[in-house]
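Visitor: Below are the chains, spelled out letter by letter.
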Amino acid sequence: MFEGVDLNTVMASLESIGFYDVALPFLLVFTIFFAILQKVSLFGNDKNNINVVISLVAAFLFVRTTVLVIIMNTFLPQVSFLAIAMILFLILISIVGGKTDEWKGAPMGIAFVVALIGIVLSFLSSAGYLSQWPEWLQLTKYDLNLFIFIGLVVLFIVIVTGGVPAAGKKSTLDIFKELGEGVKK
Amino acid sequence: MSGTLFGNAIEFLQQIGFFDVVLPFLLVFTIFFAILEKTKIFGTEDKEGLIPKKNLNAMVAFVVAFFVITAKEIVASIQTSLPIVALVLIAVISFLMLVGTFAGSKEEFNFIKMFEGTKGVIAGIFLVVLVLIFFQSFGWLTPFWSYINGIGTQNFILGIFVLAIVGIIFYVVGPSPGKKKEE
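As given, the protein sequences belong to chains X and A, one line each in that order. Counting in our numbering, the first sequence runs from 1 upward without gaps. Counting in our numbering, the second sequence runs from 1001 upward without gaps.
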């Protein structure tokens, strides 16, 4: 029965009927809009029909805008890759004895910043904005060296001045300790 | 997209004016009707005030929706801005998913509860993004982008320099954190 089956051919035929360009984006946008409208109950409780119509309109308009569909098709795999990288990181942390189910404090803050930077970068690169900076804002090798130098100087000053804690302030060492504690908790 | 089965269906819908007439009409009608039903502006059928006057609400929503689809600029703005908002929503949900990786699985992930104090900032950012999206859909941001593109390195550095000086002045003149706490 499954002798001649080639999943690559199945995927190719799905692509040829526009499954990835139309059906999947439509489903995703419809589901997200509907879920959010249901959650926030913007038009009152038990207003499923209204939420369905608004979600349908949003999904149809999204699917029609080819540029945005292309951006989404690039963006979502990148985000999935980021998620996989984060899961792998958690696996590595768990190997050395850290608990991975509930982060708090500074580590959670770092996770927040990393996720934000990752999302913004992948969004900008999918939209092609990373290569479209104004000419005067494009960094040369000299600029990069300058920024690295300034960054290092700032880091050095923070480490040196932050090492001795003022009254009620956390030292750099304390922050690193808190990082470790947050992962351990 | 064109040439595929689903793509051809979308093109057919486009040809019959589904995106230019039917969808904007449906959207405006539904939103107006829902708001009128929720607010019960035209009164209620019963004395308890539970059943809104559906026929009046539907008629007003119907007329407003017809007026909107004749305004081409508004329809074009809806067609441009709504998909961008959807894309931003996808990005926000992806972000929540990534942060949620590090959260516990015992209870529902509540971002605002976890990062208390970010509520105002996030609301502000969303407001700015929404305003920018609508401005962009009307083409009002084009002069701004062309100004930014032609600003030049010298002016950019001058701006950063002025901001840095203002920042340093505030840092030096402003009250120390210890004093703030005492106050």
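Bear in mind the hints are in silico, worked out from the structure with no lab data behind them. This structure is a prediction, so every number in the text was calculated from the model and none was measured. Take these hints with a grain of salt, some might be off.
In silico BS3-like cross-links for lysine-lysine, where the CA-CA straight-line distance does not exceed 30 Å [as the list claims (entries may be wrong)]:
1. Lys-104/X x Lys-1053/A
2. Lys-104/X x Lys-1038/A
3. Lys-1040/A x Lys-104/X
4. Lys-1119/A x Lys-47/X
5. Lys-141/X x Lys-1113/A
6. Lys-104/X x Lys-1054/A
7. Lys-104/X x Lys-1119/A
8. Lys-104/X x Lys-1072/A
9. Lys-39/X x Lys-1038/A
10. Lys-1047/A x Lys-104/X
Visitor: The structure should be examined with respect to each hint, and the outcome stated for every one.
Guide: Against the structure, the hints come out as follows:
With a C-alpha separation of about 51 Å, the suggested pairing of Lys-104/X with Lys-1053/A is violated against the 30 Å cut-off. Between the alpha carbons of Lys-104/X and Lys-1038/A the distance comes to roughly 40 Å, so the proposed pair goes past 30 Å and is violated. Distance restraint check for Lys-1040/A and Lys-104/X: the Cα-Cα separation of roughly 45 Å exceeds the 30 Å cut-off, and the hinted pair is therefore not satisfied. Of the supplied pair hints, the one linking Lys-1119/A and Lys-47/X holds, its CA atoms being roughly 27 Å apart against a limit of 30 Å.
Proposed proximity of Lys-141/X and Lys-1113/A is contradicted: the alpha carbons are some 43 Å apart, above 30 Å. A hinted pair counts as satisfied when its Cα atoms are at most 30 Å apart, and Lys-104/X with Lys-1054/A does not qualify at roughly 50 Å. Distance hint between Lys-104/X and Lys-1119/A is fulfilled; the C-alpha atoms sit about 18 Å from each other, no more than 30 Å. Between Lys-104/X and Lys-1072/A the CA atoms are separated by roughly 51 Å; this puts the pair beyond 30 Å, and the hint is violated.
A hinted pair counts as satisfied when its Cα atoms are at most 30 Å apart, and Lys-39/X with Lys-1038/A qualifies at roughly 17 Å. For the hint pairing Lys-1047/A with Lys-104/X, the CA-to-CA distance comes to about 53 Å; that exceeds 30 Å, so the pair is violated.
In summary, the numbered hints that this structure violates are 1, 2, 3, 5, 6, 8 and 10.
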